[in-house]
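Undergrad: Line by line, the protein sequences are chains A and B.
Taking the numbering used here, I'd label the letters of the first sequence as residues 1 to 190.
Taking the numbering used here, I'd label the letters of the second sequence as residues 191 to 715.
It should be emphasised that the hints constitute simulated quantities derived from the structure, not laboratory data.
Virtual Cβ for every residue (Gly too), placed ideally from N, Cα, C.
Keep in mind that the hints are not guaranteed to be accurate.
[Claimed, not checked] Here are the computed distance ranges between Cβ atoms for each label pair:
id	chain 1	residue 1	chain 2	residue 2	range
1	A	Gly28	B	Gly378	30 to 36 Å
2	B	Glu503	A	Leu31	38 to 44 Å
3	A	Gly28	B	Lys616	53 to 59 Å
4	B	Glu309	A	Arg45	21 to 27 Å
5	B	Gln416	A	Leu97	48 to 54 Å
6	A	Ser80	B	Ser708	50 to 56 Å
7	A	Ser48	B	Gly258	30 to 36 Å
[As the list claims (entries may be wrong)] Chain B is nowhere near these chain A residues, computed Cβ spacing over 12 Å in every case:
id	residue
8	Ala24
9	Ser48
10	Ser80
11	Asn84
12	Gln94
13	Gly146
14	Gln180
These are the residues of each chain, in order.
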Amino acid sequence: MDQFSRRTFVERALTSSVMGLAFALPTGTVLLTPEEARAKDVPLRTLSPEVAQMLEKLGETIVPGATAAGLTHFLDHQLSGDPNDALLIARYFQVALPYKNFYAAGIKTADDMARKNLQKPLASLDSNQMETLVKSMSAPGTAFGGFPIFLFYMCLRSDAVDVVYGTPAGFEKLNIPYMQHISPPEGWNG
Amino acid sequence: MAKTLEKVDVVIVGAGAAGSVYAAVLAEAGKSVLVLERGPARKMSDLYSSQIWARRLKWSAPEVVEAGPDSIWYNFNAGRGFGGAAIHHYAVWPRFHAEDFREHSLFGKAIDWPFEYTELRPFYDQVQRDVGMSGDAKQEIWRPPGDDYPLPPVPGTNHGKVLKRGFDALGMHTAPIPMAVLSQPYNGRPACILDGWCDAGCPIGALANPMAVYFPRALKAGARMQADSVVTRVLTDASGKKVTGVEYRTGAGETVVQPAAAVVLCAFTVENAKILLSSANSAHPHGLGNSSGLVGRNLMCHPAVGIYGMFKEEMQNYAGATGGQLLCQDVYGKKSDPGGAFGSRQWEIGLVLKPNDLLGIAMSNPTIFGAQLHKFLADGARFMGSMVGVCEDQPSRDNRVELDSRKDANGMPLARIVYTKSDDGKRLWATAAAEGVKIFKAAGATQAWTSPPGGQHIMGGTILGTDRAASVLNAQSQSHDVANLFVGGPGVFPTSSSVNSTFTAHAVALKGARYLASNFSSVKS
Numbered sequence: 001m002d003q004f005s006r007r008t009f010v011e012r013a014l015t016s017s018v019m020g021l022a023f024a025l026p027t028g029t030v031l032l033t034p035e036e037a038r039a040k041d042v043p044l045r046t047l048s049p050e051v052a053q054m055l056e057k058l059g060e061t062i063v064p065g066a067t068a069a070g071l072t073h074f075l076d077h078q079l080s081g082d083p084n085d086a087l088l089i090a091r092y093f094q095v096a097l098p099y100k101n102f103y104a105a106g107i108k109t110a111d112d113m114a115r116k117n118l119q120k121p122l123a124s125l126d127s128n129q130m131e132t133l134v135k136s137m138s139a140p141g142t143a144f145g146g147f148p149i150f151l152f153y154m155c156l157r158s159d160a161v162d163v164v165y166g167t168p169a170g171f172e173k174l175n176i177p178y179m180q181h182i183s184p185p186e187g188w189n190g
Numbered sequence: 191m192a193k194t195l196e197k198v199d200v201v202i203v204g205a206g207a208a209g210s211v212y213a214a215v216l217a218e219a220g221k222s223v224l225v226l227e228r229g230p231a232r233k234m235s236d237l238y239s240s241q242i243w244a245r246r247l248k249w250s251a252p253e254v255v256e257a258g259p260d261s262i263w264y265n266f267n268a269g270r271g272f273g274g275a276a277i278h279h280y281a282v283w284p285r286f287h288a289e290d291f292r293e294h295s296l297f298g299k300a301i302d303w304p305f306e307y308t309e310l311r312p313f314y315d316q317v318q319r320d321v322g323m324s325g326d327a328k329q330e331i332w333r334p335p336g337d338d339y340p341l342p343p344v345p346g347t348n349h350g351k352v353l354k355r356g357f358d359a360l361g362m363h364t365a366p367i368p369m370a371v372l373s374q375p376y377n378g379r380p381a382c383i384l385d386g387w388c389d390a391g392c393p394i395g396a397l398a399n400p401m402a403v404y405f406p407r408a409l410k411a412g413a414r415m416q417a418d419s420v421v422t423r424v425l426t427d428a429s430g431k432k433v434t435g436v437e438y439r440t441g442a443g444e445t446v447v448q449p450a451a452a453v454v455l456c457a458f459t460v461e462n463a464k465i466l467l468s469s470a471n472s473a474h475p476h477g478l479g480n481s482s483g484l485v486g487r488n489l490m491c492h493p494a495v496g497i498y499g500m501f502k503e504e505m506q507n508y509a510g511a512t513g514g515q516l517l518c519q520d521v522y523g524k525k526s527d528p529g530g531a532f533g534s535r536q537w538e539i540g541l542v543l544k545p546n547d548l549l550g551i552a553m554s555n556p557t558i559f560g561a562q563l564h565k566f567l568a569d570g571a572r573f574m575g576s577m578v579g580v581c582e583d584q585p586s587r588d589n590r591v592e593l594d595s596r597k598d599a600n601g602m603p604l605a606r607i608v609y610t611k612s613d614d615g616k617r618l619w620a621t622a623a624a625e626g627v628k629i630f631k632a633a634g635a636t637q638a639w640t641s642p643p644g645g646q647h648i649m650g651g652t653i654l655g656t657d658r659a660a661s662v663l664n665a666q667s668q669s670h671d672v673a674n675l676f677v678g679g680p681g682v683f684p685t686s687s688s689v690n691s692t693f694t695a696h697a698v699a700l701k702g703a704r705y706l707a708s709n710f711s712s713v714k715s
C-alpha cells in the first residue's frame, strides 16, 4: 500500500479556528465561542443558574477544562434552538425531543443520586465525592429511578469532550493536525 | 386550500443517493424532473470539517420513535437536506456477492431477490465508472465478477500497515478497501487529500456524494431541486391504479399539490414506508402499494462491532479516508462463521479516529473520565487502532416501520420502529468481536477492546420480489400495485448481506431509472 508521510499531513494542517456560535446580547447578536460567552457572562436562556452550576460541576469532573471551555454556554445555546440545528450527540442516541427535557431529567437524577448515595445535594459535593458520583453514573447501562443515567453521562461527557477537544484548539492539545478541509465562513467562526 | 402546480413528468421525493441517480437518468432522457427534499438546501461549501457541525447533516426531527427492543440507530444513519444520508457516508463500496441474491434458493433462509448478481453487474460497473471508484479488484479475492476499478487504491497510513500484521499472522487475507473516493483526479473532480473528514461531508467532491456526481448531471440536464418541501402524501386517481402526483408542505406552511406523470420515492428507508402508509385512500386502505401488507416490513440493520486497541507505533490514525484502508471478507460465506451462525461478515480496517464523536477516541471507552481521560486521548491520538466488523442481518416481517399515534408539525404521523436483531446477527456479532480482539493482539496491540453492539446501514421496508404477495416492488423497483410509482434506496433490498449499502443502492436505482426512462410512455399517468 502507498504510504502517506506524516510530513505531508503536517504540511496540510491548517491553522486553528474556534467554535463560534451566535449569542444574543443587549447590544445585539454576536458570534462568540462558548468559552468567550462564559467569560463575558452572557445570560443563559434555557438553563437555570442552579442547573447550570450542577452541569458545570459534573462536566468539569468528567472532562477537566470543560468549565473554562464554556460547556454550560454551549449546552444552553444548543438546548434553546431548533433540534435540527442542534450540535449535540444526544441526537445520535435517539434521545426524545425536546432535548432540554432530557438534560433537565438527567441533572435532576444525578442530584437525586447524590442525595441518596452521598447524603448531600450535588451542588455541595467535594471533588472526591464528585468522582464517586460520576463513577456510579459511568457504569454501562446504569439507571437510577427509572432514568437512563449512563446515557445522560455519555451525552454530557461527549458534550464536554466536544468543547475541550473537538475544536482545532483541542486537536492542538493532543498534538495532532486538524487538517481543516474547508474553513467555516464568517458567521460560523468566532 | 392546496395550491396546484403545473404537471411535471417525474417527481422524485428525497435528494439523496438514489434520488440523484433517478434525477440524472430521467433528466438526461429528456423528462421534466422535480426533486423535493424535506431538509435544507445545501452547497458543498456548507460542509465544514468538524465532527460537531457534521451532526446537522443527520436526522433529528421529526422524531423517529424507536420502540425497541433493539435500535436501528436511525438518526445516526439517516441524513437530511441535499445529499441525504450519502452526504455523510464513508463511501466504502464493496459489491454484494452472488449468494446474497439467492439466499432462499441456496440455503432455505431469508428471501431471494427478483434477479441475480449477473443482472445487476452491468449497473455496478457503470456506477463505478460514473463515480470513479478506487481500489484493487485483483486483490479482492472474494469479489464477484466485475470490471476493474478505474483508479488505484486510496493511499493509506501506518494505521493500515500495523493492523494488516494481525490479519497476516492469522492467515487472513486483506485487500485495499474499495471506495467511491478519488485517489487521482477524475472527470474534473480533484483527488482526496486524506484529511479524514469524509463523514463531515467532502466539500471538494473527491468523495462521490450525490452533490458531486449525479445531481450536477441532473441539474445540467434541466432537473430542478427544491428544499424545505415535506411530502405528506402520494396522490392517486380514483381507481387507485395510477399516481397523479404528490402533496407537500412548504417551509412557510403552505400545502401544495404537484401533479406528476410518475413518482419516485427516494426518501430513505423509514420515510419511504411512512409516506406510503400515510397515503392510504379508498383504493389503498392499508397504504399505497401495500396490497401485500409488507410496506414497512422486513426492516434490517447490520449489527456492527468496533474493535479498538493501543499499539506501540505511531498510527497516523487521524488521517486517510474515514471509512478505512483495508477490507477482509474471509468470513463472507454464509456458513463460514466459526460460531456456526448463518450469514456473512466483513472487516473494514483502519478507520480514521478523531478525538470526539460517536466513533471517536473518547467514546471508544466511555467509562474513562477525569485526568485519566486526557492521557487516554493523548495516547489514543498517537497509538490507537480501529476497525469495524459488519455482520449480516436477517429479514423478518416482525421488524417494521409503522405509524405512531403522535403527529409532527405538518400533521403527519411520526414513524415508529419496532426492531429486534436476528439471532444469527447477534451470534455473528459475538464471533466477530472475539475474532477482532484476537486480530489486534496478533498485530501487536498492548490492549484491545470492543464497542458495545451498534448498527449500521438501514435496509428493507419496501422490498423487491417476484411474488407480489411477498414483496412491495418488482425487479425494476416499480410498485406491484401502481405502475407509475417507483422506490429507490436501500429500503428495496430483500437481504442485507454484510457490505455497505450505498453502492448497491446506486446500482439498483440505475437499473430502475433506466427502466422508467425506457418505458415512460407506457407507465405514466
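Undergrad: For each hint, tell me whether it holds in the structure or not.
TA: Here is what the structure says about each hint:
A hinted range of 30 to 36 Å is violated for the C-beta pair Gly28 of chain A and Gly378 of chain B, which are about 43 Å apart. Taking the beta carbon of each, Glu503 of chain B and Leu31 of chain A are about 41 Å apart, inside 38 to 44 Å as hinted. Look at Gly28 of chain A against Lys616 of chain B: about 55 Å separates their beta carbons, and that is inside 53 to 59 Å. Look at Glu309 of chain B against Arg45 of chain A: about 57 Å separates their beta carbons, and that is not inside 21 to 27 Å.
For the pair Gln416 of chain B and Leu97 of chain A, the beta carbons lie near 26 Å from each other, so the given range of 48 to 54 Å is not met. Between Ser80 of chain A and Ser708 of chain B, the C-beta spacing of about 52 Å keeps the proposed range 50 to 56 Å intact. One distance hint, 30 to 36 Å for the beta-carbon pair Ser48 of chain A and Gly258 of chain B, holds here, with the actual separation near 33 Å. Look at Ala24 of chain A: its CB is around 20 Å from the nearest CB on chain B, clear of 12 Å, so calling it non-interface holds up.
Taking the minimum C-beta to C-beta distance to chain B, about 24 Å, the non-interface status of Ser48 of chain A holds against the 12 Å cut. Taking the minimum C-beta to C-beta distance to chain B, about 15 Å, the non-interface status of Ser80 of chain A holds against the 12 Å cut. Chain B draws Asn84 of chain A into its interface by the beta-carbon criterion, the shortest separation being 5 Å against a cut-off of 12 Å. The beta carbon of Gln94 of chain A is not kept farther than 12 Å from every beta carbon of chain B, the shortest such distance being approximately 5 Å.
With a closest Cβ-Cβ approach of about 15 Å to chain B, Gly146 of chain A is found to remain outside the 12 Å limit, as its non-interface label requires. Under the 12 Å C-beta cut-off, the non-interface status given to Gln180 of chain A relative to chain B is violated; the minimum distance is some 5 Å.
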